[in-house]
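J.: Here are the chains, one letter per residue:
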Amino acid sequence: MENRETDAATGVETTGHDWDGIKELNNPLPRWWLWTFYATIIWSIGYVIAYPAIPLVTDATKGVLGYTSRGEVAAEMAAVEAARSDKVARIAELSINDIAEDKELYQFAVSAGRSAYKVHCSQCHGSGATGAAGYPNLNDDDWLWAGDLEGIAATIRHGVRFAGDDDSRFAEMPAFGRDQLLGKSEIASIAAYVASFSNIEHDPALAGEGEPLYATNCAACHGAKGEGDRDQGAPNLRDPIWLYGGTLDEIIVQIGAPKHGVMPGWGDRLGEPLVKQLAIYVHSLGGGE
Amino acid sequence: MATTPKSSGEIERFDVEAVNAQDRRQPLYAPREKIHPKRASGDFRRLKWIIMAVTLTIYYVTPWLRWERGFHAPDQAVLVDVANRRFYFFMIEIWPQEFYYVAGLLMMAGIGLFFVTSSVGRAWCGYTCPQTVWVDLFLVVERFFEGDRNARIRLDGASFSLSKFRKRLFKHVTWLLIAVATGGAWIFYFADAPTLLRELFLGEAALIAYATVAVLTATTYVFGGHMREQVCTYMCPWPRIQGAMQDAHSLVVTYNDWRGEPRRPRNREDRVKDQAVGDCVDCNACVAVCPMGIDIRDGQQLECITCALCIDACDSVMDKIGRERGLISYATLADYTDNMALARSDNGAINPEQARDPAGGRLNPGFKTKGLASALRPRTFVYLGVWSLIGLAMLVVLLNRGTLDLNILHDRNPLYVQLSDGGIRNGYTVKILNKRAGARALRLSVDGLPGAGIWAAGSTDGPSKFLTVDAGADRLATTKIFVRAEPSASTVQRIAFRFIVTDDATGESAEYETWFEGPEGK
Numbered sequence: 002m003e004n005r006e007t008d009a010a011t012g013v014e015t016t017g018h019d020w021d022g023i024k025e026l027n028n029p030l031p032r033w034w035l036w037t038f039y040a041t042i043i044w045s046i047g048y049v050i051a052y053p054a055i056p057l058v059t060d061a062t063k064g065v066l067g068y069t070s071r072g073e074v075a076a077e078m079a080a081v082e083a084a085r086s087d088k089v090a091r092i093a094e095l096s097i098n099d100i101a102e103d104k105e106l107y108q109f110a111v112s113a114g115r116s117a118y119k120v121h122c123s124q125c126h127g128s129g130a131t132g133a134a135g136y137p138n139l140n141d142d143d144w145l146w147a148g149d150l151e152g153i154a155a156t157i158r159h160g161v162r163f164a165g166d167d168d169s170r171f172a173e174m175p176a177f178g179r180d181q182l183l184g185k186s187e188i189a190s191i192a193a194y195v196a197s198f199s200n201i202e203h204d205p206a207l208a209g210e211g212e213p214l215y216a217t218n219c220a221a222c223h224g225a226k227g228e229g230d231r232d233q234g235a236p237n238l239r240d241p242i243w244l245y246g247g248t249l250d251e252i253i254v255q256i257g258a259p260k261h262g263v264m265p266g267w268g269d270r271l272g273e274p275l276v277k278q279l280a281i282y283v284h285s286l287g288g289g290e
Numbered sequence: 003m004a005t006t007p008k009s010s011g012e013i014e015r016f017d018v019e020a021v022n023a024q025d026r027r028q029p030l031y032a033p034r035e036k037i038h039p040k041r042a043s044g045d046f047r048r049l050k051w052i053i054m055a056v057t058l059t060i061y062y063v064t065p066w067l068r069w070e071r072g073f074h075a076p077d078q079a080v081l082v083d084v085a086n087r088r089f090y091f092f093m094i095e096i097w098p099q100e101f102y103y104v105a106g107l108l109m110m111a112g113i114g115l116f117f118v119t120s121s122v123g124r125a126w127c128g129y130t131c132p133q134t135v136w137v138d139l140f141l142v143v144e145r146f147f148e149g150d151r152n153a154r155i156r157l158d159g160a161s162f163s164l165s166k167f168r169k170r171l172f173k174h175v176t177w178l179l180i181a182v183a184t185g186g187a188w189i190f191y192f193a194d195a196p197t198l199l200r201e202l203f204l205g206e207a208a209l210i211a212y213a214t215v216a217v218l219t220a221t222t223y224v225f226g227g228h229m230r231e232q233v234c235t236y237m238c239p240w241p242r243i244q245g246a247m248q249d250a251h252s253l254v255v256t257y258n259d260w261r262g263e264p265r266r267p268r269n270r271e272d273r274v275k276d277q278a279v280g281d282c283v284d285c286n287a288c289v290a291v292c293p294m295g296i297d298i299r300d301g302q303q304l305e306c307i308t309c310a311l312c313i314d315a316c317d318s319v320m321d322k323i324g325r326e327r328g329l330i331s332y333a334t335l336a337d338y339t340d341n342m343a344l345a346r347s348d349n350g351a352i353n354p355e356q357a358r359d360p361a362g363g364r365l366n367p368g369f370k371t372k373g374l375a376s377a378l379r380p381r382t383f384v385y386l387g388v389w390s391l392i393g394l395a396m397l398v399v400l401l402n403r404g405t406l407d408l409n410i411l412h413d414r415n416p417l418y419v420q421l422s423d424g425g426i427r428n429g430y431t432v433k434i435l436n437k438r439a440g441a442r443a444l445r446l447s448v449d450g451l452p453g454a455g456i457w458a459a460g461s462t463d464g465p466s467k468f469l470t471v472d473a474g475a476d477r478l479a480t481t482k483i484f485v486r487a488e489p490s491a492s493t494v495q496r497i498a499f500r501f502i503v504t505d506d507a508t509g510e511s512a513e514y515e516t517w518f519e520g521p522e523g524k
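Protein sequence lines, in the order shown, are assigned to chains U and W. For the first sequence, position 245 (counting from the first letter as 1) is numbered 246 according to our numbering, and the numbering increases by one without interruption. For the second sequence, position 277 (counting from the first letter as 1) is numbered 279 according to our numbering, and the numbering increases by one without interruption.
Take the hints with a grain of salt, since some may be wrong.
Claimed, not checked - Computed Cβ-Cβ distance ranges for the label pairs, DEER-style:
no.: 1; chain 1: W; residue 1: Ala443; chain 2: U; residue 2: Ala90; range: 48 to 54 Å
no.: 2; chain 1: U; residue 1: Arg231; chain 2: W; residue 2: Arg445; range: 34 to 40 Å
no.: 3; chain 1: W; residue 1: Trp97; chain 2: U; residue 2: Lys24; range: 54 to 60 Å
no.: 4; chain 1: U; residue 1: Ala164; chain 2: W; residue 2: Phe468; range: 31 to 37 Å
no.: 5; chain 1: W; residue 1: Gln302; chain 2: U; residue 2: Asn28; range: 26 to 32 Å
no.: 6; chain 1: W; residue 1: Val104; chain 2: U; residue 2: Ser45; range: 38 to 44 Å
no.: 7; chain 1: U; residue 1: Trp34; chain 2: W; residue 2: Glu19; range: 25 to 31 Å
no.: 8; chain 1: U; residue 1: Ala9; chain 2: W; residue 2: Asp150; range: 38 to 44 Å
no.: 9; chain 1: W; residue 1: Asn409; chain 2: U; residue 2: Arg231; range: 35 to 41 Å
In case anyone wonders, no lab produced these hints; they're calculated from the structure. Here the structure is a predicted model, which means the values were calculated and not measured. Cβ atoms here follow ideal geometry from the backbone N, Cα and C, with glycine treated the same way.
Full structure from sequences and hints, please.
T.: Laid out in structure tokens, this is it:
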């Protein structure tokens with residue numbers, strides 16, 4: 002090395018690098034730092050042997066410990082399942098009403114149901130279970146089929162209008178307009194009469210015309226006063242909760258060509274304990290009976 | 003008062019170099035030169051012994067003090083109960099919601115440090131810092147087994163022998179025992195001390211307890227036994243900040259050149275006769291006792307922790323040669339500068355004949371040494387004032403705090419629910435803080451929401467005017483509740499109202515204002 006240069010102020014040799022007159026001292030690494038550096042090299046050799054490390058064309062070296070991050074997740078999940086297995090077994094064995102009696106088990110079911118709800122139900126019913134047009138709100142006290150624990154569990158288990166389950170809840174309202182069972186003006190008068198149940202803006206004269214038509218065509222399912230019938234899945238028409246919208250126009254559309262939502266039956270996919278947990282969670286949202 | 007220098011042979015002169023003196027400062031990568039501080043004795047050493055005894059006693063004994071609180075709470079006087087989220091300090095109990103007390107204490111600690119440092123320099127470093135106290139303690143052990151400075155230097159240089167091995171073994175074992183006790187005492191602040199002690203020995207304590215003891219044992223042993231002054235010089239940020247805290251009127255350990263120079267050994271035969279000399283006999287006693295390895299006669303320097311041991315060392319020498327104490331003393335830079343000006347002759351050199359009357363032997367009465375009076379200045383009063391204000395404010399808040407508090411969280415999703423009868427339902431999580439030592443039934447009601455009814459989630463009672471909530475002794479009661487409002491309320495989007503929780507037995511109450519959400523007004 003010919004261009005050796007020693008810094009006057011410190012007496013230390015420089016590296017020869019020069020940035021706008023600022024030079025770098027060629028100080029050695031601190032020893033502890035150097036030792037740490039050597040230690041990491043030794044560590045890395047052991048690591049490469051023990052763990053998956055060197056990428057190959059389609060794979061990587063496996064490492065003698067056989068570690069995989071997927072395997073670790075699976076083990077953690079299994080540990081969680083194992084820790085819950087006692088409670089899950091009790092939930093499987095008890096009736097859903099008995100679970101609600103056991104405070105600790107009930108809390109477990111609500112929490113487990115809450116997380117399962119986020120995975121399986123929130124896509125349609127919303128993360129806050131508030132639903133949307135065509136998807137029922139699960140927080141309120143208005144139930145199409147049933148609002149008690151057993152009933153909610155049955156709905157989850159078998160679904161609604163679900164072709165894959167013979168026990169699925171099923172109801173179908175005739176398409177009065179599309180199938181030409183009723184004329185346009187008749188539908189309009191029935192809609193006005195239905196609107197009169199819950200003070201939706203309507204023409205009272207028209208509603209008077211609709212009353213006899215309602216009695217013949219609608220009362221069998223929806224009840225004489227629009228109170229609905231859960232056994233047939235016929236919605237209550239007197240409350241301010243409307244699955245497909247509560248304006249006069251929306252009611253006319255629904256009478257003419259009713260939309261029918263479908264919910265899959267979850268019993269086969271999720272298993273009975275999880276169905277019970279979901280039912281308990283939905284029941285706990287505030288509208289449960 | 004005339005003083006006669008006593009005969010020269012009495013002053014021991016130490017063959018010592020200040021390894022960390024500025025002009026000897028090693029390159030950063032040079033290995034450390036070991037310091038062998040000599041034992042000092044005197045007023046400051048005595049004060050340091052007392053402070054050491056008091057601080058160590060506080061540290062080791064505090065977790066074992068008991069304080070009866072009743073069934074609901076632990077009986078340890080000082081306890082940081084992480085699991086139950088409580089901090090107990092004798093009669094005071096702090097909930098996590100009251101963390102501002104801790105923030106206040108930290109502010110007081112910070113401002114207190116400003117106050118102390120601006121008044122008397124790095125007194126924290128020199129007297130009470132755990133690093134200083136434990137190094138002192140470790141030095142006591144070292145001295146006990148290996149002897150004082152000279153014996154230790156000899157032992158370091160001696161070749162291996164059974165006696166050296168034995169001394170070293172005892173020293174390190176004792177250090178480790180102290181280190182384990184230090185780490186062990188720390189964890190007792192976080193759990194019931196007698197129970198934890200038994201669990202520790204039975205191997206039943208939590209892993210984190212053993213890990214904490216292990217880490218603190220290692221740091222105590224390494225910092226106190228091996229790294230010592232390097233912790234202060236290289237690791238600790240405080241020495242770097244101190245410059246901002248000190249000014250020309252802060253008392254710091256100072257070598258008073260104006261009466262010490264020119265320094266001359268008194269016991270050298272070849273000393274220059276008939277030449278006036280300063281008080282410093284260049285005996286190096288101040289360097290020999292210094293735990294930081296510096297020479298205070300070089301002036302203020304970064305390494306100095308102001309432990310004042312050099313003052314003790316020098317004072318005893320001054321006593322021997324019959325001069326006034328205080329050649330090394332606590333002095334302010336302002337006094338020092340004035341005194342220096344007084345002692346300098348026209349050519350800028352210190353003239354001992356200006357410092358001391360050659361005939362009478364008295365120090366020039368013009369020299370100033372204000373001492374503690376220099377702490378009285380606007381800056382320190384401001385620090386003290388702010389410090390007292392925070393303390394006073396905390397005390398007032400502490401003495402007037404209630405035993406009942408209420409927090410409300412409105413449900414975010416859904417914000418509101420339309421009910422089939424036309425009403426609107428909102429959900430709330432109610433947190434009632436019962437800070438009393440006894441359980442009580444509390445009445446929760448709402449105010450400002452006409453026709454509202456409340457009920458607990460999961461209950462079948464339906465809406466009512468109020469709800470009774472059972473709150474355990476010294477516990478937080480969390481309840482999910484629903485509020486239903488009359489249909490008219492649903493015509494506006496938000497209504498402000500209050501939750502009120504009342505203890506009917508005592509009349510105590512707490513309230514919380516929140517919102518009732520409804521559909522967009524139509």
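J.: Does each hint fit the structure? Answer for all of them.
T.: Each hint, compared with the structure:
Here the CB-CB span from W/Ala443 to U/Ala90 is close to 37 Å, at odds with the stated 48 to 54 Å. Range check, U/Arg231 to W/Arg445: Cβ separation about 38 Å, and the 34 to 40 Å hint holds. Judged by the Cβ atoms, the range 54 to 60 Å given for W/Trp97 and U/Lys24 holds: they are separated by roughly 58 Å. Taking 31 to 37 Å as the suggested C-beta distance range, the pair U/Ala164 and W/Phe468 does not conform, at roughly 51 Å.
For W/Gln302 and U/Asn28, the hinted distance range of 26 to 32 Å is satisfied, since their beta carbons lie about 28 Å from each other. A beta carbon spacing of about 43 Å between W/Val104 and U/Ser45 agrees with the range 38 to 44 Å that was offered as a hint. A beta carbon spacing of about 29 Å between U/Trp34 and W/Glu19 agrees with the range 25 to 31 Å that was offered as a hint. The beta-carbon spacing between U/Ala9 and W/Asp150, approximately 42 Å, falls within the hinted interval of 38 to 44 Å.
For the hinted restraint 35 to 41 Å between W/Asn409 and U/Arg231, the CB-CB distance of approximately 40 Å keeps it satisfied.
Hints 1 and 4 from the earlier list are contradicted by this structure; the remaining hints agree with it.
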